[in-house]
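Chemist: One line per chain: the protein sequences are A and B, in this order.
UniProt numbering numbers the first residue of the first sequence as 1 and each following residue consecutively.
UniProt numbering numbers the first residue of the second sequence as 1 and each following residue consecutively.
Take these hints with a grain of salt, some might be off.
[As the list claims (entries may be wrong)] Distance condition first, Cα-Cα at most 30 Å in a straight line; then the derived DSS-like pairs of lysine-lysine: (1) K134/A x K111/B; (2) K73/A x K353/A; (3) K61/A x K111/B.
[Stated by the list, open to error] Just the calculated beta-carbon pair ranges, DEER-fashion: (4) D283/A x D177/B: 54 to 62 Å; (5) L65/B x T313/A: 55 to 63 Å; (6) R308/A x S221/B: 48 to 56 Å; (7) T313/A x D55/B: 14 to 22 Å.
[As the list claims (entries may be wrong)] If you want the footprint, here are the derived chain B segments under chain A, 3+ residues with CB under 8 Å: (8) 88-97; (9) 236-248.
Read the hints as simulated data drawn from the structure, not as lab findings.
All C-beta atoms in this analysis are idealised placements derived from N, C-alpha and C, irrespective of residue type, glycine included.
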Amino acid sequence: MTKKLAGGAAAVMSGALLLGACAGGGPAGAEGAFTDDKIVIGVLNDQSGVYKDLSGPNSVKAVEMAVADYLEKYGDDAVVTEEQIEVITADHQNEPDVANTKAQEMYDRKGADIILDVPASSAALAVASQADQKKKLHFNIGAATTELTGAQCSPYVFHWAYDTYMLANGTGRTVTENGGKDWQIIYPDYAFGQDMEKSFTEAIDEAGGTVSGSIATPFPNDNFSTFLTKAASGQPDVIGTMQAGGDLINLVKQYNEAGLRDQGISLAVGLMFITDIHSLGVDQFEGTTFTDAWYWDMDEESRAWADRFLEETGSRPSFAHAGNYSAALQYLEAVQATETDDADKVVENLDGKEVEDVFLRNGKIRAEDHRVIHDVYLAEVKAPDEVSEEWDYQNILNTIPAEEAFQPVDEAGCEMG
Amino acid sequence: MNDFLQYTIQGLAAGSFYAIAALGLAVIFGVLGVVNFAHGACYMLGAVVAAVLLDVTGLNFWWALLVVPLLLFGFGVVVERLFVQWLLRLEPLYNFLLTFGLSLFLVDLVKRRYGVSGLPYERPEILTGQLTLGALRLPTYQVFVFLFSVLVCLAVWLVMTRTRVGMIVRAATERPDVARALGVNVGRWVTPVFGFGIALAGLAGVLAAPFRAITADMGSSFIIILFAVVVIGGLGSIVGAVVAGFLVGLVEAFGQAYAQNFSQIVIFVLMAVVVLLRPAGLFGREERA
Numbered sequence: 001m002t003k004k005l006a007g008g009a010a011a012v013m014s015g016a017l018l019l020g021a022c023a024g025g026g027p028a029g030a031e032g033a034f035t036d037d038k039i040v041i042g043v044l045n046d047q048s049g050v051y052k053d054l055s056g057p058n059s060v061k062a063v064e065m066a067v068a069d070y071l072e073k074y075g076d077d078a079v080v081t082e083e084q085i086e087v088i089t090a091d092h093q094n095e096p097d098v099a100n101t102k103a104q105e106m107y108d109r110k111g112a113d114i115i116l117d118v119p120a121s122s123a124a125l126a127v128a129s130q131a132d133q134k135k136k137l138h139f140n141i142g143a144a145t146t147e148l149t150g151a152q153c154s155p156y157v158f159h160w161a162y163d164t165y166m167l168a169n170g171t172g173r174t175v176t177e178n179g180g181k182d183w184q185i186i187y188p189d190y191a192f193g194q195d196m197e198k199s200f201t202e203a204i205d206e207a208g209g210t211v212s213g214s215i216a217t218p219f220p221n222d223n224f225s226t227f228l229t230k231a232a233s234g235q236p237d238v239i240g241t242m243q244a245g246g247d248l249i250n251l252v253k254q255y256n257e258a259g260l261r262d263q264g265i266s267l268a269v270g271l272m273f274i275t276d277i278h279s280l281g282v283d284q285f286e287g288t289t290f291t292d293a294w295y296w297d298m299d300e301e302s303r304a305w306a307d308r309f310l311e312e313t314g315s316r317p318s319f320a321h322a323g324n325y326s327a328a329l330q331y332l333e334a335v336q337a338t339e340t341d342d343a344d345k346v347v348e349n350l351d352g353k354e355v356e357d358v359f360l361r362n363g364k365i366r367a368e369d370h371r372v373i374h375d376v377y378l379a380e381v382k383a384p385d386e387v388s389e390e391w392d393y394q395n396i397l398n399t400i401p402a403e404e405a406f407q408p409v410d411e412a413g414c415e416m417g
Numbered sequence: 001m002n003d004f005l006q007y008t009i010q011g012l013a014a015g016s017f018y019a020i021a022a023l024g025l026a027v028i029f030g031v032l033g034v035v036n037f038a039h040g041a042c043y044m045l046g047a048v049v050a051a052v053l054l055d056v057t058g059l060n061f062w063w064a065l066l067v068v069p070l071l072l073f074g075f076g077v078v079v080e081r082l083f084v085q086w087l088l089r090l091e092p093l094y095n096f097l098l099t100f101g102l103s104l105f106l107v108d109l110v111k112r113r114y115g116v117s118g119l120p121y122e123r124p125e126i127l128t129g130q131l132t133l134g135a136l137r138l139p140t141y142q143v144f145v146f147l148f149s150v151l152v153c154l155a156v157w158l159v160m161t162r163t164r165v166g167m168i169v170r171a172a173t174e175r176p177d178v179a180r181a182l183g184v185n186v187g188r189w190v191t192p193v194f195g196f197g198i199a200l201a202g203l204a205g206v207l208a209a210p211f212r213a214i215t216a217d218m219g220s221s222f223i224i225i226l227f228a229v230v231v232i233g234g235l236g237s238i239v240g241a242v243v244a245g246f247l248v249g250l251v252e253a254f255g256q257a258y259a260q261n262f263s264q265i266v267i268f269v270l271m272a273v274v275v276l277l278r279p280a281g282l283f284g285r286e287e288r289a
């Protein structure tokens with residue numbers, strides 16, 4: 001009898017010990033708190049089309065760097081081991097329906113806990129809606145639409161790097177305040193261009209400038225000469241272009257050809273990535289102003305990270321690459337803090353959090369609309385004789401503080417369920 | 001008035017690319033009966049090869065105008081010998097599939113090797129800036145492109161009308177049945193003519209390099225307009241291709257300037273009107289249509 005009791009007590013004790021160990025945390029302790037016993041990070045972006053260079057395969061590299069940094073930082077205390085973190089990727093070809101299918105596949109079949117990047121606004125909105133339905137996370141880096149944190153916002157979607165409001169507010173307002181009062185805008189006639197034209201016009205008006213003409217152009221288009229002559233005929237101070245990628249390069253080449261800079265008409269670009277400057281050369285873009293979410297050579301910290309990135313990829317990072325790194329890192333930090341991949345708990349941890357990392361300066365994750373705000377920069381492309389090394393292309397003219405750079409919460413129109 | 005003259009020269013400069021490339025397309029169609037869907041890709045290849053040669057060997061723009069078309073001539077000869085010649089006796093559908101496939105292959109190859117952001121290209125110093133004529137300021141490069149392409153088209157016209165080779169090609173283009181009946185060995189000229197057509201597309205690409213984004217996709221919208229050009233000019237008509245090339249450039253520029261909302265469709269409206277009035281195109285011959 002005593003023997004039986006003693007045996008029972010021992011069994012209960014050992015059971016309790018086992019339970020205690022589970023609750024106690026540590027690498028083994030987290031077992032069961034992670035679906036499939038692992039964290040799966042999906043990077044869904046354009047791997048073959050126009051956004052390949054500015055995000056594409058190098059965004060995947062940036063995310064892998066974040067994973068490595070997380071594991072190194074926490075060592076044995078990390079709630080997941082190296083084997084438990086998987087980075088997967090797919091090409092959405094800039095098609096919303098492909099993005100939709102790939103996102104479903106990543107969340108449902110491949111067990112992705114989070115999808116990162118997703119440039120092209122239409123594709124981003126498709127993925128955001130999947131995330132919302134499935135209650136899985138999507139941190140968007142590559143897309144520009146304010147809808148993600150506006151009418152179509154979701155508790156599971158965070159917008160990390162930039163948006164059309166921030167670009168317009170940065171370039172439109174700052175250039176106007178610096179004396180570029182009279183604008184002509186040339187924009188591609190599709191959703192992104194129309195959205196940008198509207199945001200820029202509002203920002204310029206508010207800053208006391210005028211938009212004396214807006215020209216919608218076909219998309220894609222390789223001949224902008226006539227549009228430029230038309231825009232220049234009123235002798236504006238600034239021509240603002242909302243073109244991107246190859247169209248932007250066409251327009252800039254033809255702007256130079258027409259000698260408009262010599263006539264005192266400066267060029268402001270709505271959205272530009274360092275990869276655009278790299279592909280065309282600083283001589284073509286010299287003096288062009290634009291808003292940048294981050295620049296690799298803005299300080300010691302960013303430069304050190306960009307050096308590592310250069311070693312990994314052979315190229316300097318665009319702000320989208322740095323944004324992907326930051327988003328992956330902050331996600332893993334939240335996982336570490338909550339010891340789970342449960343999306344609701346991760347969101348709870350992130351809401352309202354103030355963050356500093358290589359990308360986010362004075363960063364804050366707004367709980368109300370999930371807009372991640374941070375300092376952004378008005379940049380100018382250097383003159384060729386100022387360039388001291390490859391990828392040394394930009395002067396930072398102004399830092400636009402986080403609180404001023406992004407759309408105020410009450411204007412965003414987000415009602416989070 | 002000043003603006004009108006600027007639009008005119010811009011239209012003629014854009015038309016220069018169309019005229020030279022369409023000339024190549026017309027010659028190939030005339031002699032081989034092949035509608036070369038890879039022509040846009042060959043135009044792209046001309047610009048890409050010029051940019052790569054400048055980067056790797058320092059070959060400047062002036063040399064590129066000579067060397068790149070020669071290289072593309074060689075490429076055209078190889079393609080004709082390896083692929084096109086086997087399909088000449090088959091239905092046109094096979095040529096379409098071949099040249100369309102070739103186009104996809106070339107675009108993807110360039111994408112894989114050089115990415116998608118485009119390659120940089122420097123203009124020669126002498127072609128930068130503007131020519132000032134009174135109050136009129138015309139971009140030097142556009143004036144150059146226009147004059148140069150007029151010279152190229154004239155040279156091609158002289159070769160076609162004043163040399164034996166040209167006459168054979170023209171005879172084969174215009175009346176292949178009669179030419180054969182008269183004992184002209186049209187077959188001998190098929191390979192060099194194909195190469196020559198491709199070389200002209202490449203030349204248009206070199207001319208575009210300082211002025212347009214050099215990307216793998218630069219030929220895809222170009223080829224669509226090029227087909228409008230050859231339909232307007234008359235399929236296979238050499239004069240028609242040139243005249244329609246400049247005409248389409250002008251219509252495009254004026255459309256963008258004065259009918260902005262319709263700028264994307266003006267070329268196709270022009271094409272529809274021409275086809276309604278003259279089904280074989282401006283310089284086409286009825287029996288061919």
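Chemist: Quick one: are D283/A and D177/B within 54 to 62 Å, going by C-beta?
Modeler: Between D283/A and D177/B, where Cβ atoms are some 55 Å apart, the hint holds.
Chemist: How does the coverage statement for the stretch 88-97 of chain B fare against chain A, requiring three or more residues with Cβ below 8 Å from a Cβ of that chain?
Modeler: violated (count 0)
Chemist: Is the Cα-Cα distance between K61/A and K111/B 30 Å or less?
Modeler: holds, 20 Å
Chemist: Taking 14 to 22 Å as the stated bounds, is the beta-carbon spacing between T313/A and D55/B within them?
Modeler: holds, 20 Å
Chemist: Does K134/A pair with K111/B here, judged by a C-alpha cut-off of 30 Å?
Modeler: Violated, at about 36 Å.
Chemist: Is it true that the C-beta distance of L65/B to T313/A lies inside 55 to 63 Å, as the hint says?
Modeler: For L65/B and T313/A the Cβ distance comes to about 36 Å; the hint is violated.
Chemist: Hey, K73/A versus K353/A, does the alpha-carbon distance stay inside 30 Å?
Modeler: holds, 20 Å
Chemist: Check whether three or more residues of the stretch 236-248 of chain B sit with their beta carbon closer than 8 Å to a beta carbon of chain A.
Modeler: Violated: only 0 residues of the stretch 236-248 of chain B have a Cβ under 8 Å from chain A.
Chemist: Assuming the hint says 48 to 56 Å, is it satisfied by the Cβ distance from R308/A to S221/B or not?
Modeler: violated, 39 Å
The structure does not agree with the numbered hints 1, 5, 6, 8 and 9 stated previously, though it agrees with the rest.
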